[in-house]
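Q: Listed here are the chains, written in short residue letters.
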Amino acid sequence: MPTGAMKAFIRKETERILAACTRCGKCYEACPMTRYSPALEGAEPQTVVADVLALLREERSSPQAVGWASVCVRSGSCVPACPENVDPKMMVRIARMMASGGLGGEKRIPARHDRDYYDRIRAFGKLQLTEEERKEWM
Amino acid sequence: MAERVTFWYGCNVLRHGDIIHSCLDILRMLGIDARPAGGPDYCCGTSKDENLTAADGMARRTVGKFNALGRERVVAWCPSCHSHMTEFMGQAYKPDFELNYFVDVLHEHRSALSGFLRKPVPMRVLLHKHMGFNDRVAVNDKVTALLRLIPGVEVVDDDYAAPGYMCALLNTVPKAMEEMNRETLRRVALHRADAVVTTFHQCYREICGLEAHANTRAYNYVHLLAQSIGLDYVDEYKAWKKAGPDAAQLIGEQRLAQVGVEFFERAMLPELVKRPLGIDRPKSDGKS
Chain Z
12 MPTGAMKAFI RKETERILAA CTRCGKCYEA CPMTRYSPAL EGAEPQTVVA DVLALLREER
72 SSPQAVGWAS VCVRSGSCVP ACPENVDPKM MVRIARMMAS GGLGGEKRIP ARHDRDYYDR
132 IRAFGKLQLT EEERKEWM
Chain Y
809 MAERVTFWYG CNVLRHGDII HSCLDILRML GIDARPAGGP DYCCGTSKDE NLTAADGMAR
869 RTVGKFNALG RERVVAWCPS CHSHMTEFMG QAYKPDFELN YFVDVLHEHR SALSGFLRKP
929 VPMRVLLHKH MGFNDRVAVN DKVTALLRLI PGVEVVDDDY AAPGYMCALL NTVPKAMEEM
989 NRETLRRVAL HRADAVVTTF HQCYREICGL EAHANTRAYN YVHLLAQSIG LDYVDEYKAW
1049 KKAGPDAAQL IGEQRLAQVG VEFFERAMLP ELVKRPLGID RPKSDGKS
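Chains as they are written, first to last, in our numbering: chain Z, 12 to 149; chain Y, 809 to 1096.
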């Protein structure tokens, strides 16, 4: 398996979403999280979706597009709301990856730098599993 | 011949050895040959949105390791791992295995499972639900059904589901986390429930803070299955949360030395003393 396939898949998904989305805004209307972003106060659903698509095209990253991507917690309420089966959860997830700088470009969503993340998991593992279990399972 | 599966428990559930051990015992009681795999070397990489080069490499490595194990099914415990494998890893790198979710496996085997659930667990519980992930696996319905197999357990009918698919991402939207905690406590009181029960370990990590700070008992559904079966693994994580700043005394010097006192205090203790967002502090004793 050659490396880089996941990035290639994300690029392909981005193209699919850009081609399929009609900017109707139904996904945004169904989202339970928009009220938590000050940038989205009074926002027009169609405008926010258009801005997310512009982010996916790497044209611009508006505060509204970044605001929506920042508060998405993958509730998935947008998925059945979409009349075109675009999978808006995937759309906003990729937007978040881009706004986080995951595919290069400017970081508009700050990364949660937790230098102890994996060491913390290993440390809890030391407290919870035997040495033999860690050797065989981890 | 027993079905051979890989039990992919994930990373962060390593805080809860009791859950991992109980899941393994249950799978084996159901006649499934479960080979555990997890921890950072099997990480799905879902938390690496800001570094997709790393996420890509982790996806390739983990799919390759599961392929090399040569088992037909991977049974995931963690909803993040399951989702990331379904939505990204498995789309990019060819898995030579079928992916299932642990709740689905128990639900498939619920008839056999019910035969092991012999000890009554008299408890009226509120299931802590989320909106997400249910399009992949109907966990809200299926965990309710599993809990109702346990003699003595009464699951209250309640329609509240918090945003998100588990509590992890709610931590990035503190206001939403506050509201979730308050609403959960309100519903516990409304239904006169004895306890809140979570589906996922990560929610349990947050919700058992309610037992430590809001006098509301908390369990993961596997804890109640294990109690009814008669498995007696100790839930140390909850004890540590309840002990808060005194958790080190429960862990003991010898085990603490394994992880390092300085590391424990810097990287582990903060989550053990963390107060759930949105929970009122006890009435002031006059000190500021």
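In short, the hints are calculated from the structure, not lab data. Worth double-checking, as some hints may not be accurate.
Claimed, not checked - Calculated lysine to any residue pairs in the SDA-like style (CA-CA distance at most 20 Å, straight line): (1) Y:Lys983 with Z:Thr45; (2) Y:Lys983 with Z:Ala19; (3) Z:Lys23 with Y:Asp849; (4) Y:Lys902 with Z:Ala19; (5) Z:Lys118 with Y:Asn859; (6) Z:Lys146 with Y:Glu895; (7) Z:Lys146 with Y:Asn859.
Predicted model only: the values in this text are computed from it and were never measured.
Q: Okay, which hints does this one fail, numbers in order?
A: 2, 3, 6 and 7
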